[in-house]
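Undergrad: Here the protein sequences line up with chains S and U, keeping their order. Numbering-wise, the first sequence is residues 1 to 236 according to this note's numbering. Numbering-wise, the second sequence is residues 1 to 645 according to this note's numbering.
These are computed hints drawn from the structure, not numbers from a lab. It is possible that part of the hints are untrue.
[Said to hold, decoys possible] Which chain S residues stay away from chain U? Per the calculated CB distances, all over 12 Å, these: (1) S32; (2) I136; (3) R140; (4) A192; (5) M234.
[What the hints assert, rightly or not] Within a straight-line C-alpha distance of at most 20 Å, the following computed EDC-like cross-link-like pairs (lysine to aspartate or glutamate) qualify: (6) U:K57 to S:E119; (7) U:K45 to S:E119; (8) S:K149 to S:D176.
[Said to hold, decoys possible] Chain S stretches covered by chain U per the calculated footprint, using a threshold of three residues with CB under 8 Å from any CB of chain U: (9) 12 to 19; (10) 50 to 59; (11) 157 to 168; (12) 194 to 201; (13) 218 to 229.
Think of the CB as a built atom: it goes at the ideal place given N, C-alpha and C, for glycine as much as any other residue.
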Amino acid sequence: MSFLSTLFGSRPRLDPGIEDRLARWRALPEPSARTSLDEARFVVIDVETTGLDLSRSELLSVGLVPVGPHGIELGGLDEIVLRREVTRIDKDNLVVHGISPTESAAGVDVHEALASVLEHIGKSWLVAFHADFDRIILGRTLRKQLGVKLRNPFLDLAMLLPALYSDGTAGLKGLDDWLGHFAIPCPVRHRASADALVTAELLLLALAEARRQNHTELRALDDLAQTQAKLHLMRH
Amino acid sequence: MSEPSHNHAEAHDRQAGVLLPVLEFLRRHAPFDQMESEHLEFLAKRLKLTFYARGEKITDPKGGPASRFYIIKQGRVRGETPSEDEQISGNAWELVPGECFPIGALLSRRPVRTVHRAAEDTFCFELEREDFLQLNKLSPEFNDFCTRRLASLLDQVHRQVQASAATTGPGGDTSLNITLGERLRREPVSCLPTTPIREALETMERENVGSIVIVDEHMHPLGVFTLHDLLSRVALPGRGMDEPMGEVMSPEPITLPPSAFAFEAAMLMANHGFHHVCVVERGRLKGVISERDLFSLQRVGLVNLSRAIAHADDIPALAALGGDIQQLITQMIAQGAQVAQITQIITLLNDHITRRIIDICTREFPPPPVPFTWMAFGSEGRQEQTLKTDQDNGIIFEVPEGKSAEDIRQALLPIARRINEALDQCGYPLCPGNIMASNPECCLSTTEWRERFSRWVEGGNPEHLLKASIFFDFRTIEGDSRPVEALRHWLTSKMAGNSRFLHLMARNALLNRPPLGLVRDFVVSDDAKHPNTLDLKLQGLTPFVDGARILALAHRIEETSTLERLNALARSQHITQGEAQSWIQAFSYIQLLRMRQHRRQQAAGETPSNRVNPDTLSELDRRILKEAFRQARKLQSRITLDYQL
């Protein structure tokens, strides 16, 4: 049934319990760009997928780290592994994301998992490193599986960091480069929650630097990241 | 019904999984490494991770009662205790990853006393006060860490209060650190010089005291009489009981004001061989302090020991006293006496013994052609000896008109050799490097010493630097001190005008870095003979000794003891009071740790060693030691700056 519903773009059939949860999520107030940096709440996310190809990769797990006005809330740290039956093992990517077929098979039911993700992120600003990737994968999966359109604003640290720290950072590209630059140790990379956690540490640095540069609202960070993204496009 | 509990367990595992990086970090540091997994998870789940840019304040005494507990994850935090005295810059120290603050303020719901500031970009884990208190209830290990009297002060480890508390052994009686005024227990028992002996004895009997002070009508003390004197001054000479006390008292008693420290009284007693000191305020007797009041727990008395040394007739008798000195020192350490006091007493007793040995040995020979002065070098010269130190000594003499230094030397060398051997018999082993008065190179005239020192200062090769570090800390032990003072004076002027040699000394001193790792831990030896240890003397004390010597020589300070050098440098404002205090405390602490270890090793029948494995120390000692090494690093940075190294 599910492949047909995807084909015709109709809404997937969902368990009533899940429907209720989605309704509650939809009813949440939309985030404002005028929110002050001192009151802003973020959820840093990191997705692990079956591959790096945006159009074909499938979502395996989501790491989530809530960041409130007083810092990273470690109690809210979560990693949700989606249950999937794996038919063909892609060894190359197993190395990248480290989620074994057994782990995938033992994951949470996809609808349940995605509903949890929505409850985690609410209508907060979402932060990721190379956020387009996370936005597209998560957005597509939510639309396909739950018929939900993910409209949370995304802040891309890969753009925001070079906009805030322009000195001597030209050569820094990937997450590892930036972690190295700030000497942030990362004990386990390529687990969604661990990646999200170090990304959240970079967000704390960025917020401190933004305050130092007298930015007061979320909007300013968004503008900085967008401008940087345009510059980035022009150069490449 | 099984579904929700299954979900719950699953959520629990998942949470433990995602918190793994945090748990792993915590498990690398005390006290978290001791805590149950369950409690650690309780903690990890309630933590927030925050960032402080360099220079940002984390805690502030003005911020009201402390509301959060901080664990440094990454970076460095500088703690500053604002000083009430504007003249003295407050104490400052640094905390590194794994360390926590504040504790005392959280437990006692008061504002912090310390400004904590990020010394570099810093990440901290933070726990709300309510959760901190909850964790204290849950985890006995955490509670123990926070509430042990000493541990609750960990964040103020640099402070004097703490340094002395930490050094307090079992039954910690810091009796030597209080003033005589505080120590006085009763009104003095006194009589007039005209009082008949019988009446005075009756008073002593009634008051149940062993001594009486003879005073004039203004309560000014004139003398002391003790039961001990009864036999020798009254009974044996056959004096009548009606004779006046003025005839039998020991006149000119030693006196101190009530503000003097008990330790000063102990030193005076030891120096003069009296058992009593009169406490006098504005000329009036306020009370009497006896040796027993000062050393209530000690079996071996300092005064008796000094007397025994002074009255020993031969070398074997002196050698027999060595054990008593050890015992006295052991008791002092156990009673929590301060390091400076312990080393002063060791120095005092060693000086007594050495003088007595020189006296006894010299008499075995025909009178020497000229008087000579016995000098001590190295740790003995700096008055920093611990129980067993090798001999480092020499002789200085003046050459009279018409005589040759060589002839005098030949006459003195046999005496010197006898003294060196006697010292060896009394427990001061011969110097393996032959820095001893019986070595012709160490038995020199005033001129020859100057020539020898000049050669080193002008040469400046590694051997010269090493010798300077031993010989330049010379001090008079016995004989006329004027030639030694003149030599000191000459050296001081020579050094102050020779920045090249000081520069070389500084560079040499900086080769010996305190064993602190870049990140957090101690750097320990990987040498197979002493695995995982560090050398408290070479790596801990020497940086202070060398640093203080260089600064002292550069600023014409003539003291030879490291502590006195630091105090003198602060008085002449070449370093701040705060620096002097911190360095003195750090140096003393390492010295104490070393003495405690020696004492333990000797008790266990092992050879005393300066090597210690930091893992075997208590958490508190480890932290204080680390802070002490950090102070050594600060002293070295000062030298680096001064000499642009």
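Undergrad: Look at each hint and say if it fits the structure.
TA: Evaluation of the provided hints:
Distance check for S32 (chain S) against chain U: the nearest CB is about 24 Å away, which clears 12 Å, and the non-interface claim stands. Remark: the non-interface label on I136 (chain S) is consistent with the geometry, its nearest Cβ contact in chain U lying 24 Å away (cut-off 12 Å). For R140 (chain S), the shortest C-beta to C-beta distance to chain U comes to about 24 Å, beyond the 12 Å cut-off, and the non-interface label holds. With a least beta-carbon separation of about 9 Å from chain U, A192 (chain S) fails to lie farther than 12 Å from that chain, contradicting its non-interface assignment.
With a least beta-carbon separation of about 31 Å from chain U, M234 (chain S) lies farther than 12 Å from that chain, consistent with its non-interface assignment. About 35 Å separates the Cα atoms of K57 (chain U) and E119 (chain S), which puts this hinted pair outside 20 Å; it is violated. Of the supplied pair hints, the one linking K45 (chain U) and E119 (chain S) holds, its CA atoms being roughly 19 Å apart against a limit of 20 Å. For the given pair, K149 (chain S) sits about 31 Å from D176 (chain S) by alpha-carbon distance, which is inconsistent with the 20 Å threshold.
Interface restraint, the segment 12 to 19 of chain S with chain U: violated (0 residues with C-beta to C-beta distance below 8 Å; minimum three). A count of 0 residues in the segment 50 to 59 of chain S with a Cβ less than 8 Å from any Cβ of chain U is obtained; the coverage claim is therefore unmet, three being the minimum. Here's how the segment 157 to 168 of chain S fares: 0 of its residues keep a CB closer than 8 Å to some CB of chain U, so the rule of at least three is not met and the hint is violated. Counting residues of the segment 194 to 201 of chain S whose beta carbon lies closer than 8 Å to any beta carbon of chain U gives 4, which reaches the threshold of three, so the coverage claim holds.
A count of 0 residues in the segment 218 to 229 of chain S with a Cβ less than 8 Å from any Cβ of chain U is obtained; the coverage claim is therefore unmet, three being the minimum.
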